[in-house]
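Q: The primary structure of each chain is shown beneath.
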Amino acid sequence: MFNPETLIRKGLPKGHFKDVAARSFLGGITYLVVAIAVLLFVKIIIDGAPVLFKPEAPFVDLDFLTSKNETLHVFDDAQGNRHQLPAAAYSQYISQHGSATLFNEQTYSYSGGGIAGPIAGTALLTIGSMILALFFGVSAAIYLSEYAKQSPFIHAIRLAILNLAGIPSIVFGLFGFSVFVLAVPVITSTPSDRSLLTIPLLIGNYFLSFQGWNSSLMAGCATLACMILPVIITASEESLRAVPQGFRDASLAMGATRWQTIRKCVLPFSLPGILTSSLLAITRVAGETAPIMFTAAVAAKDDLPWQGLKSPFDILSSQVQALPYHIYTLAARIPSSEFTQRAQYGSVFVFLLLVAFLSLGSMILRAKLRSKLKW
Amino acid sequence: MGIVGTSAVLIFLSDRQSHPTKHLAEMPHEDPHPPEPVHRFQKQGFSYENAIKFFFASNAGLTIVILALIIIFLLKEGLGFFPGYQRELEVYRIAGLEFVDISRKNLTAHEQITSVLNRTYYAEINGKCAHQMRRSQEASALFNAYSDLTAPTRDLIVSNSQPDSSPSPEMIASLRTNFEKQKSKALATLPPTPHLTPEERQALIESIRSRAFDATDDPPLVASLTTEFAEAREKQVKPLEALRTTIDTFESAGSELSSLVSELTESVTATKEKIQDADILEKDRKTLLAAASSAEDPIEREKLVSEAQASLAQKPDIEGPIRILMERRPACIAAHQSLKNAAATVSSQLPNTLTQPEASRLLKVAHNLWPLFLADLEKTPQKITDWNHLKPVALSTAISSFITGKDWVTGGEWQDFYGILPLAAGSLMISIVALTLAIPSGIGAAIYVNQFASKREQSLIKPVIEFIQAIPSVVLGFIGILIFGTILRDLSLMDSLSWIPGFPIEERLNIFTAGCLLALMSIPTIFSLAEDAINNVPSAYAEAAEALGASRVQTTFRVIIPAAFSGILAAVLLGFGRVIGETMVVLLVAGNRIKIPDFTSGLGTFFQPCHTLTGIIAQELGEVPLGSVHYRALFIVGILLFAVVLIINATAHRFVNRMKQ
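Order-wise, the sequence lines are chains V and F. Going by our numbering, 41 is the number at position 41 of the first sequence; the sequence numbering is gapless. Going by our numbering, 442 is the number at position 442 of the second sequence; the sequence numbering is gapless.
Treat the hints with caution; some may be incorrect.
List time: in silico DSS-like cross-link candidates among lysine-lysine, alpha-carbon distance up to 25 Å [as the list claims (entries may be wrong)]: (1) V:372 x F:462; (2) F:364 x F:383; (3) F:286 x V:149; (4) V:43 x F:660; (5) F:660 x F:406; (6) F:455 x V:372.
Over the 10 Å line for every Cβ pair with chain F, so calculated as not near, a few chain V residues [said to hold, decoys possible]: (7) 45; (8) 53; (9) 87; (10) 327.
Quick list of the computed label-pair ranges, beta carbon to beta carbon [to be verified]: (11) F:181 x V:95: 19 to 29 Å; (12) F:625 x V:67: 52 to 62 Å; (13) F:428 x V:203: 50 to 60 Å; (14) V:67 x F:552: 57 to 67 Å; (15) F:494 x V:96: 48 to 58 Å; (16) V:92 x F:118: 19 to 29 Å; (17) V:96 x F:197: 51 to 61 Å; (18) V:244 x F:562: 35 to 45 Å; (19) V:96 x F:224: 23 to 33 Å; (20) V:42 x F:273: 56 to 66 Å; (21) F:192 x V:96: 24 to 34 Å.
To be clear, the hints were calculated from the coordinates, so they are not data collected in a lab. In this text, a Cβ means the ideal position worked out from N, Cα and C, and glycines have one as well.
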């Protein structure tokens with residue numbers, strides 16, 4: 001590393017120690033951050049993995065993922081054995097053994113059963129909002145990258161995207177609550193008192209009433225879509241712009257129209273990029289709690305979202321459980337004890353696994369894409 | 001979609017000139033071939049192609065619409081707050097609550113000083129016999145840990161063994177075995193006792209193990225340590241008698257004012273209720289009249305109007321109660337006078353220092369509070385004489401009392417106050433902690449990864465930090481509440497760390513816990529933006545520096561960092577924006593106590609719980625009635641957040657643009 005002759009004459013260069021010190025200090029900070037992050041994951045994996053996995057075949061315990069969320073009953077029987085049963089199994093036990101032989105009974109809300117309801121709710125919310133956001137976002141990105149020229153309108157759109165991207169999620173919650181829950185129009189025969197504006201329709205006895213969708217899957221999806229829209233637009237525009245200009249020129253030169261060019265020569269090549277970056281957007285949508293607290297989520301629900309409906313469309317106007325809100329409930333509303341830990345760490349572990357899976361997928365896809373698409 | 005359409009149409013019109021089909025339609029005359037007949041729609045610009053463009057443009061315009069809707073609806077729900085709050089403050093004044101609050105404020109200050117003095121006194125005594133106190137506390141803690149675990153079963157057995165109950169013998173037996181199980185489990189998980197000798201601990205555990213089942217007295221060691229502690233305290237009480245008397249004198253000096261305040265409180269609350277009832281009736285009447293004016297059927301209208309007339313509220317009698325209030329003025333002033341005299345004497349009698357550091361610190365706090373308290377008392381008689389219930393409350397008063405209000409009190413019986421300061425202070429304190437931790441580590445990591453790390457290190461560090469960004473905030477909050485908070489509390493209980501101000505912490509969830517987690521959350525933002533900024537510095541800079549003989553560190557810190565400075569600043573600002581807008585972590589971890597942190601405890605302030613701007617919205621919006629003043633106050637908080645974050649982002653982007661140039 002050093003010229004031996006110089007070393008003998010002058011010793012180590014003066015700057016060397018400073019160099020090493022600065023480098024190791026910065027390296028120390030960096031690895032400290034990495035170590036803290038890894039420690040957190042390890043802690044959650046250690047506490048959460050036993051809920052989902054078991055030592056003997058088939059190694060995965062799907063019960064936690066596929067059963068509904070229930071209240072947990074903990075009690076001793078006459079032989080002094082401790083039982084932990086979710087509500088349904090508990091009432092079965094009571095009907096078999098009678099309630100006289102139970103001692104030390106304690107109940108823990110939300111801690112029994114599994115998390116099928118929250119998972120289903122989060123899946124529905126994510127799918128709904130991603131469909132909306134991708135539709136509007138990709139269209140907007142196409143306009144920005146393929147049609148737009150310098151104009152005040154474009155400037156305003158870019159400013160709006162920039163500002164939307166910075167708005168705190170709780171403000172989106174307020175927005176979603178005041179707009180989608182309380183103000184958007186619905187067609188109904190019985191307008192509510194708090195309707196902002198009621199317009200009688202000529203068909204039948206129906207009104208177009210600006211009274212909102214109440215707290216529902218629909219309102220939650222719309223709020224989340226608004227929140228994620230700037231992310232989708234920015235990412236999609238980047239992917240569209242990555243397609244070489246030559247593709248478009250060639251297509252236009254062959255006499256194709258603008259739309260044909262976009263459809264055949266731009267979109268197919270940018271689609272993988274768009275989908276990859278929307279995987280990351282999914283992790284954000286799935287993880288947000290604040291926007292859905294007042295617009296869609298409910299702490300406890302007996303049925304899965306698609307059960308007990310009169311018509312399939314009712315699913316849109318019903319409240320759902322959601323995984324992040326469920327974790328909030330578990331962390332904030334019930335005191336932690338040895339009996340609640342299964343639900344708590346299990347939910348967090350499943351959630352983190354989901355997020356890790358999605359972001360890992362996005363990372364791998366992105367790397368693959370980079371090596372594959374080189375114009 | 002209406003607005004989208006309009007704005008898109010505008011664009012569509014402005015962009016039309018440049019469209020190819022339009023050019024085609026306007027081809028110059030020298031074209032040898034006659035132009036093909038153009039479809040009528042196409043001539044007007046409504047071609048298939050243009051329709052598609054219009055569709056995309058309207059989707060892009062949707063972003064503007066969403067932003068506009070956010071602003072419009074926040075303002076729509078929020079702006080009604082100020083008139084509503086103005087009316088509430090008006091009632092507060094007319095009913096005389098404000099008058100009572102003048103005295104009540106001094107009473108609270110008096111209570112606060114008394115409690116500080118009492119804490120000083122006990123800190124002095126306990127500090128002098130700290131050893132005995134710790135030993136006694138540890139022994140009791142150990143015994144309590146055992147009894148907490150076994151008490152439920154024990155109680156069950158005792159209640160079943162009563163002569164009048166007739167339990168089955170096998171049940172008693174099973175309970176007994178259960179008890180033994182729990183007992184051995186409890187004995188295996190006893191808390192540590194660093195100040196007891198191992199022999200003492202062993203003896204204590206033995207005595208617990210061999211304890212009679214239904215014994216109610218303490219184990220001998222616990223009892224003897226308690227007596228020992230009590231005796232040690234007894235010895236310390238003597239020399240401090242003078243201080244005790246002084247504190248007691250001061251404490252009793254407030255009793256006159258206190259009884260006066262509680263007497264007045266009752267009467268003004270009754271007046272306030274009357275006024276509020278009248279307000280409600282008045283509102284009903286207006287609704288009825290409005291319904292009447294829109295009713296088409298004359299009979300219906302007549303009915304509604306007469307109903308409105310009937311409900312016409314009698315103006316509540318305010319003057320009577322106010323007169324009674326005014327009559328109590330001299331008594332109020334006299335009570336303040338006597339309190340002031342007592343306070344002045346007591347402050348001169350207090351010692352300046354005490355032997356224990358904690359006691360001295362608290363005494364200093366008390367001494368610092370004193371001048372303020374006396375000055376307040378000085379001004380009070382004037383305030384009481386000047387107070388007038390008919391003085392109007394201006395809208396600006398409502399606005400200024402929102403911005404500078406030190407209380408956020410809601411749902412109380414006395415009076416709701418919406419002051420933003422405690423929430424803003426909480427948000428700011430948490431941000432300070434988070435940024436103090438996140439700026440060095442985020443930027444340091446960015447410099448390291450970009451300048452010093454090898455390719456392999458980069459491919460390890462970057463994904464981990466990116467993954468931190470992907471962790472949902474509610475999961476971080478969960479980690480804070482269940483893991484980090486507990487670790488922090490256990491750390492703060494260790495003797496070797498007691499030199500840190502604020503340790504041992506009172507609350508597991510506090511500003512510091514929340515700040516740490518938010519730091520973890522904002523590190524990825526700061527890291528990736530700062531790394532981008534450093535990466536964007538032209539390589540020629542570094543090459544030139546190295547050619548001049550600068551070492552790697554010199555190049556980095558004297559050339560690259562200054563060149564990337566505005567980009568790094570933007571990264572920090574965006575990190576700040578993320579921290580201040582974060583909801584779930586602070587809602588779960590900040591402790592949710594709505595109070596301006598007590599800055600008298602120095603750095604220990606950071607270990608107090610607080611509440612935040614974002615947290616209050618998330619916590620209270622679900623519970624407030626739609627359209628109430630409280631509901632609107634939450635929207636105003638939302639507007640404030642929105643504005644703050646917009647300003648931060650705008651500044652950050654200005655820095656980014658400067659960097660690009």
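Q: If you check each hint against the structure, which ones fail?
A: 2, 3, 4, 5, 10, 12, 16, 19 and 21
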